[in-house]
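Asker: Position chain B relative to chain A; hints supplied.
In order, the protein sequence lines correspond to chains A and B. Take UniProt numbering: the final residue in the first sequence is number 732, and no numbers are missing along the way. Take UniProt numbering: the final residue in the second sequence is number 326, and no numbers are missing along the way.
Calculated directly from the structure, the hints in this document are not laboratory data. As the structure is a prediction and not an experimental result, all values here were calculated from the model. Think of the CB as a built atom: it goes at the ideal place given N, C-alpha and C, for glycine as much as any other residue. Keep in mind that a hint or two might mislead.
What the hints assert, rightly or not - Here are the simulated distance ranges between beta carbons:
{"#": "1", "chain 1": "B", "residue 1": "S11", "chain 2": "A", "residue 2": "K15", "range": "44 to 50 Å"}
{"#": "2", "chain 1": "A", "residue 1": "A659", "chain 2": "B", "residue 2": "P180", "range": "31 to 37 Å"}
{"#": "3", "chain 1": "B", "residue 1": "R233", "chain 2": "A", "residue 2": "S412", "range": "26 to 32 Å"}
{"#": "4", "chain 1": "B", "residue 1": "R233", "chain 2": "A", "residue 2": "E25", "range": "29 to 35 Å"}
Stated by the list, open to error - In silico EDC-like links for lysine to aspartate or glutamate, alpha-carbon gap of 16 Å or less:
{"#": "5", "chain 1": "A", "residue 1": "K122", "chain 2": "B", "residue 2": "D125"}
{"#": "6", "chain 1": "B", "residue 1": "K40", "chain 2": "A", "residue 2": "E112"}
{"#": "7", "chain 1": "A", "residue 1": "K725", "chain 2": "B", "residue 2": "D304"}
{"#": "8", "chain 1": "A", "residue 1": "K127", "chain 2": "B", "residue 2": "D304"}
{"#": "9", "chain 1": "A", "residue 1": "K603", "chain 2": "B", "residue 2": "D46"}
{"#": "10", "chain 1": "B", "residue 1": "K208", "chain 2": "B", "residue 2": "D36"}
{"#": "11", "chain 1": "A", "residue 1": "K725", "chain 2": "B", "residue 2": "D306"}
{"#": "12", "chain 1": "B", "residue 1": "K39", "chain 2": "A", "residue 2": "E112"}
{"#": "13", "chain 1": "A", "residue 1": "K725", "chain 2": "B", "residue 2": "D46"}
What the hints assert, rightly or not - Derived, one-sided and incomplete: chain B residues facing chain A with beta-carbon distance under 10 Å:
{"#": "14", "residue": "K2"}
{"#": "15", "residue": "S44"}
{"#": "16", "residue": "R117"}
{"#": "17", "residue": "G141"}
{"#": "18", "residue": "F176"}
{"#": "19", "residue": "Y236"}
{"#": "20", "residue": "I241"}
{"#": "21", "residue": "F277"}
{"#": "22", "residue": "K308"}
{"#": "23", "residue": "L311"}
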Amino acid sequence: MSKTSNINRVDGFAKVTGSATYSAEYKTPGVAYACLVGSTIAKGRIKSIDTKKAEWAPGVLAVITHLNVDKPAGYEQPKKRDNLGQPLQIFKDDTIRYYDQPIALVVADTFERMQYAASLIKAEYLKEEHTTQLEKVRDNGKTPERAKDYNRGIENGYKNAEVVLEEEYTIPTEVHNPMELANIIAKWNGNKPILYTKSQGVEGTRKSVGNVFGILPEDVEVHSEYLGGAFGMGLHTWPYEIAALIASKKIARPVKLVLHREQMFTNVGFRPYTIQKMGLGATKDGKLTGLTHEAIAQTSNYEDFTEATVNMSRFMYDCANVSTKYKIVEMDTCTPIWMRGPGEATGSFALESAIDELAHKLNMDPIEFRKRNHAEKDQEQNKPWSSKYLLECYDAGMERIGWKERKNKPASVREGEWLVGYGMGTGTFGSYRNPTTVKAKFLADGSLLLQCSVNDMGPGTATMMTAIGAEITGLPAEKVIIEMGKSGLPKGPTQGGSATTSSVGSAVHDACNLLVSKTLGLATENETFKNTPIADLSFGNGAISSKKDTKKSLSLVSLLSANKLEELAVENESKGSEDAKKYSIYSFSVHFVKVLVNPNLGKIRIAHVVSCADIGTVINQKTSAGQMYGGAVGGIGMGLMESLEIDHRFGRAINNNFADYHVPVNADIEKQEVFFVNKKDPVSNPMGTKGLGETALVGMAPAIANAVFNATGKRVRDLPITLDKIIEAVKV
Amino acid sequence: MKNFQIIRALSSKSAVSSIAKENSAMFIAGGTNLVDLMKKNVVSPDKLIDINGVDLKKIEFLTGKVSIGALAKNSQVAEDQLIKESYPLLALALAAGASQQIRHMATVGGNMLQRTRCSYFYNPDMPCNKRVPKSGCGAIGGANRMHAIFGASDSCIAVHPSDMCIALAALDATVFTEGPKGKREIRFTDFHRLPGNTPEKDNTLLDKEIITSIEIPNNNFTKNIHYLKVRDRSSYAFALISVAAGLDIKDNTIQDARLAMGGVAHKPWRLTEAEEFLKGKTVSEKTFRQAADLAMKGARSYGDNDFKLTLGPNAITEALTIAASK
Numbered sequence: 001m002s003k004t005s006n007i008n009r010v011d012g013f014a015k016v017t018g019s020a021t022y023s024a025e026y027k028t029p030g031v032a033y034a035c036l037v038g039s040t041i042a043k044g045r046i047k048s049i050d051t052k053k054a055e056w057a058p059g060v061l062a063v064i065t066h067l068n069v070d071k072p073a074g075y076e077q078p079k080k081r082d083n084l085g086q087p088l089q090i091f092k093d094d095t096i097r098y099y100d101q102p103i104a105l106v107v108a109d110t111f112e113r114m115q116y117a118a119s120l121i122k123a124e125y126l127k128e129e130h131t132t133q134l135e136k137v138r139d140n141g142k143t144p145e146r147a148k149d150y151n152r153g154i155e156n157g158y159k160n161a162e163v164v165l166e167e168e169y170t171i172p173t174e175v176h177n178p179m180e181l182a183n184i185i186a187k188w189n190g191n192k193p194i195l196y197t198k199s200q201g202v203e204g205t206r207k208s209v210g211n212v213f214g215i216l217p218e219d220v221e222v223h224s225e226y227l228g229g230a231f232g233m234g235l236h237t238w239p240y241e242i243a244a245l246i247a248s249k250k251i252a253r254p255v256k257l258v259l260h261r262e263q264m265f266t267n268v269g270f271r272p273y274t275i276q277k278m279g280l281g282a283t284k285d286g287k288l289t290g291l292t293h294e295a296i297a298q299t300s301n302y303e304d305f306t307e308a309t310v311n312m313s314r315f316m317y318d319c320a321n322v323s324t325k326y327k328i329v330e331m332d333t334c335t336p337i338w339m340r341g342p343g344e345a346t347g348s349f350a351l352e353s354a355i356d357e358l359a360h361k362l363n364m365d366p367i368e369f370r371k372r373n374h375a376e377k378d379q380e381q382n383k384p385w386s387s388k389y390l391l392e393c394y395d396a397g398m399e400r401i402g403w404k405e406r407k408n409k410p411a412s413v414r415e416g417e418w419l420v421g422y423g424m425g426t427g428t429f430g431s432y433r434n435p436t437t438v439k440a441k442f443l444a445d446g447s448l449l450l451q452c453s454v455n456d457m458g459p460g461t462a463t464m465m466t467a468i469g470a471e472i473t474g475l476p477a478e479k480v481i482i483e484m485g486k487s488g489l490p491k492g493p494t495q496g497g498s499a500t501t502s503s504v505g506s507a508v509h510d511a512c513n514l515l516v517s518k519t520l521g522l523a524t525e526n527e528t529f530k531n532t533p534i535a536d537l538s539f540g541n542g543a544i545s546s547k548k549d550t551k552k553s554l555s556l557v558s559l560l561s562a563n564k565l566e567e568l569a570v571e572n573e574s575k576g577s578e579d580a581k582k583y584s585i586y587s588f589s590v591h592f593v594k595v596l597v598n599p600n601l602g603k604i605r606i607a608h609v610v611s612c613a614d615i616g617t618v619i620n621q622k623t624s625a626g627q628m629y630g631g632a633v634g635g636i637g638m639g640l641m642e643s644l645e646i647d648h649r650f651g652r653a654i655n656n657n658f659a660d661y662h663v664p665v666n667a668d669i670e671k672q673e674v675f676f677v678n679k680k681d682p683v684s685n686p687m688g689t690k691g692l693g694e695t696a697l698v699g700m701a702p703a704i705a706n707a708v709f710n711a712t713g714k715r716v717r718d719l720p721i722t723l724d725k726i727i728e729a730v731k732v
Numbered sequence: 001m002k003n004f005q006i007i008r009a010l011s012s013k014s015a016v017s018s019i020a021k022e023n024s025a026m027f028i029a030g031g032t033n034l035v036d037l038m039k040k041n042v043v044s045p046d047k048l049i050d051i052n053g054v055d056l057k058k059i060e061f062l063t064g065k066v067s068i069g070a071l072a073k074n075s076q077v078a079e080d081q082l083i084k085e086s087y088p089l090l091a092l093a094l095a096a097g098a099s100q101q102i103r104h105m106a107t108v109g110g111n112m113l114q115r116t117r118c119s120y121f122y123n124p125d126m127p128c129n130k131r132v133p134k135s136g137c138g139a140i141g142g143a144n145r146m147h148a149i150f151g152a153s154d155s156c157i158a159v160h161p162s163d164m165c166i167a168l169a170a171l172d173a174t175v176f177t178e179g180p181k182g183k184r185e186i187r188f189t190d191f192h193r194l195p196g197n198t199p200e201k202d203n204t205l206l207d208k209e210i211i212t213s214i215e216i217p218n219n220n221f222t223k224n225i226h227y228l229k230v231r232d233r234s235s236y237a238f239a240l241i242s243v244a245a246g247l248d249i250k251d252n253t254i255q256d257a258r259l260a261m262g263g264v265a266h267k268p269w270r271l272t273e274a275e276e277f278l279k280g281k282t283v284s285e286k287t288f289r290q291a292a293d294l295a296m297k298g299a300r301s302y303g304d305n306d307f308k309l310t311l312g313p314n315a316i317t318e319a320l321t322i323a324a325s326k
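Isolated chain A (complex conformation) (with noise of 0.2 Å):
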């Protein structure tokens, strides 16, 4: 991948430029607009809604509630996942599960009408009494499915160990909201429901749409072209599309619905609440022997959410003894779903933090600790690493952070009247493919055209898929184009996991390969190559050539044209191989952070963040640096400043605004750097790349806590890092 390495982002500019033309700005012919109106309570019934003066108001179009909602066909069929609940059924009947829950959706002719008619509908409620903290309800967790306890050698052996650690850790709520809001414009065209909406994968809407409204997933038409960022609250089908349908429906006319910011943090998950116990033991000499974690999550109370929170202590050590349990418990909110680097950015908080306080009951350098344990093979599925870096990680991000100015003490270094602090932490995660198809074309004009219903939140997929299709067809990447982001075309997966270049890297990959030698026997044909065979021919330049006559070639616009077509294509679909299943693949990444701590304000500043990863072959360095960048910005503000604050009297958001909901800014970081291993894996796929999306995010926040507690000797269990937990709190 050595020509195309480095392309500039594909739809850069139609982005930066405003033409890149996202769900909710989609022209429209006679849209009309809609809004949600929420509950005011947490949990209880609707005793009644006045609607009148809303519908009344001019230019509204409809009010539906409970009331008057005409139900979809799958609200009264069986549930589909029993196992896992089921979504909330919009407007089904009277019962409040959640504070903000969408009672009543508006819609009128204009923006303005609609949000004041909004304005104009009053409930009352029935109030039952809500639970919103997870500490009063921690014991009430129960085991899901999809996340059995697991046991290695002694379950708790960690207690027997010459040197033992238990503590327990905490992440707060915190929400996704991405810059562009949750968005949908929604028609009909008969019973076929067509949606420009935001969604992480097209195929799960359109199969989610399809069982609410009991029609076929083929005849639900989804657009989800450009994304303005989503970190995984687009990988559900979440109530306010399917309202948003049933209006438009209801009016016979199209609807659009953008979500206020304020909903954005109540209506469409979140990471949740969690509580973590960990149990580490090792021997006197830094060996570790046993480690136990065990998490207690929130869920909402009509589905169960589950993550790999506790996952990675099962193999990220060298250890005999190990023990997770994961549990989840009902509350009344929305449900959650995965945030970036999702359970294991929550998992690694706890086990990194941990193995940074035993290493410093041990008197030992934390990374010198981590290497004593370093995991040859993974324990868990007792196969071997298809790759793994990490020890190069771990030496690189030293020599970058200046690691050697480090002192195991805390406290003991100062620049000026800043405590000075350097810490660490680790991330992992899988690294999966996923079935794909992709349809590659040449076009008549010698252009490469790939087209794909997988979309691209913001990762760079498009130019992933261009850099693939030029590098293996040889054609500059200024004549590749991409047809992405919507159904109708070659199945492409969900976005999430990490996986995307993965699957539709490798799909592009075999596409392309067999585009060629499509095009190569095509040319066999021609006059220019008649009895050439096709082993000697190659394409490159966007031209076909004999190897053995450099003077033949024979462009790719002439063989086209010499055979009357408007264009030659491959579908195919790719998957991973049977041989990838023995081995064990996951990328790698290490956080580590500089801070400066003024123990009087508790002030923290971030002076340099050092990100390394191994993350098999980096298709773009670009696109691939922006991850790492925004998923370790991602960790600071986890670390330092996000959390959805409740009142649990009324079980509802304080700070549902980006005034008070924190996240970092440009000033917050003072320096920042990238370094990728950049060696190829070899099984994981034709182009030898692993994930990147989440292990970008994973360890940064622990990395943080360390950092701060080398500087200032307090260790902070419960996130986020505020100044008064750093200054000490006395009451009058």
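Answerer: Using the frame of chain A, we list chain B on its own:
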């Protein structure tokens, strides 16, 4: 947001006479706070009187003082060379507030009138005595990390959110107003008020009165000054605690001192007792710490904001130390 009318006023007099006729009208200048409040149905005026066309944007350096028009933009004042030289504490405080985009829109008068950032005030479904008198205070017993430690009442523990006003309180500014009953002058420290039993009133501006300008007398606080803003991130966050500190130092002796705090009360919190204590003292961290402890007398916290009792004196000491070192 409900439908509303907007009319333009071209003089402060016409602005006042326009509003005098209305029951539910408000002035709008930069709109950086009012538009948010209208979107959230916290306020819903029938009419807005747009005063951006009124000629109140000038910064005039007069004998012994500066006069700043109420419609001067925050960025315009913060970046004015003479303001930076003669009233650097004001420039620093302004630059610490909001973001550059907001500072370009926000006016001096509007900044003084911005409402508290208390979450309960911003949410019409929550109790808030400031928004709906007698509906209760959500923040007491609720989420009150940002809230007051001085001068609060059982009705309201909200804090005034401005940075600029903390510097203006420290610099003994005067507010000039015009209303149906004529023109008035108000001492800046009397402009904002404590909540008492009427937290719905943020300040002492009379009904239908407009701010026309502020004046700051010349002073010696041009060198040893600092505006310290402690917040949850480095930009675009309201102060948990801020300190405006000005010292007039000769031969290592403090001739005069000014100290005011933000993020701690319903109004900019001037620390006169600490100022008096500092006068005549030799510069030392111990003195600053003593002044800070004096300043914290009577502070009271409400749970989430307990840390302010520790952070407060630390911030005062730090601000004075930095000011003295300049």
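Asker: Run the distance test for K208 (chain B) versus D36 (chain B): straight-line Cα separation, threshold 16 Å.
Answerer: violated (21 Å)
Asker: Could you grab the alpha-carbon distance between K122 (chain A) and D125 (chain B) and see if it respects the 16 Å cut-off?
Answerer: Since the Cα atoms of K122 (chain A) and D125 (chain B) sit roughly 11 Å apart, the hinted pair holds (cutoff 16 Å).
Asker: Is the hinted range of 44 to 50 Å satisfied by the C-beta distance from S11 (chain B) to K15 (chain A)?
Answerer: About 46 Å separates the Cβ atoms of S11 (chain B) and K15 (chain A), which means 44 to 50 Å holds.
Asker: Going by Cβ atoms only, is K308 (chain B) closer than 10 Å to chain A?
Answerer: For K308 (chain B), the interface hint holds, since the closest Cβ of chain A sits about 8 Å away, which is under 10 Å.
Asker: Can we keep the I241 (chain B) interface hint, with Cβ of chain A closer than 10 Å?
Answerer: holds (9 Å)
Asker: Once the shortest beta carbon distance from S44 (chain B) to chain A is found, is it less than 10 Å?
Answerer: holds (8 Å)
Asker: Given the hinted pair K39 (chain B) and E112 (chain A), is their Cα-Cα distance within 16 Å?
Answerer: holds (11 Å)
Asker: Go through the hint on R117 (chain B) and say holds or violated, using the shortest Cβ distance to chain A against 10 Å.
Answerer: With Cβ-Cβ at 7 Å, under 10 Å, it holds.
Asker: Report holds or violated for the interface hint on F277 (chain B), using the least CB-CB distance to chain A and a cut-off of 10 Å.
Answerer: violated (20 Å)
Asker: Identify whether the interface hint at L311 (chain B) stands, where standing means a beta carbon of chain A within less than 10 Å of its own.
Answerer: Cβ of L311 (chain B) sits 6 Å from chain A, so the hint holds.
Asker: Does the hinted range 29 to 35 Å hold for R233 (chain B) and E25 (chain A) at CB?
Answerer: Hint holds: Cβ distance 31 Å, inside 29 to 35 Å.
Asker: Would you check the hint for K725 (chain A) and D46 (chain B), treating anything up to 16 Å between C-alpha atoms as holding?
Answerer: The hint is violated at about 46 Å.
The structure shown violates the earlier hints numbered 8, 9, 10, 13, 18, 21.
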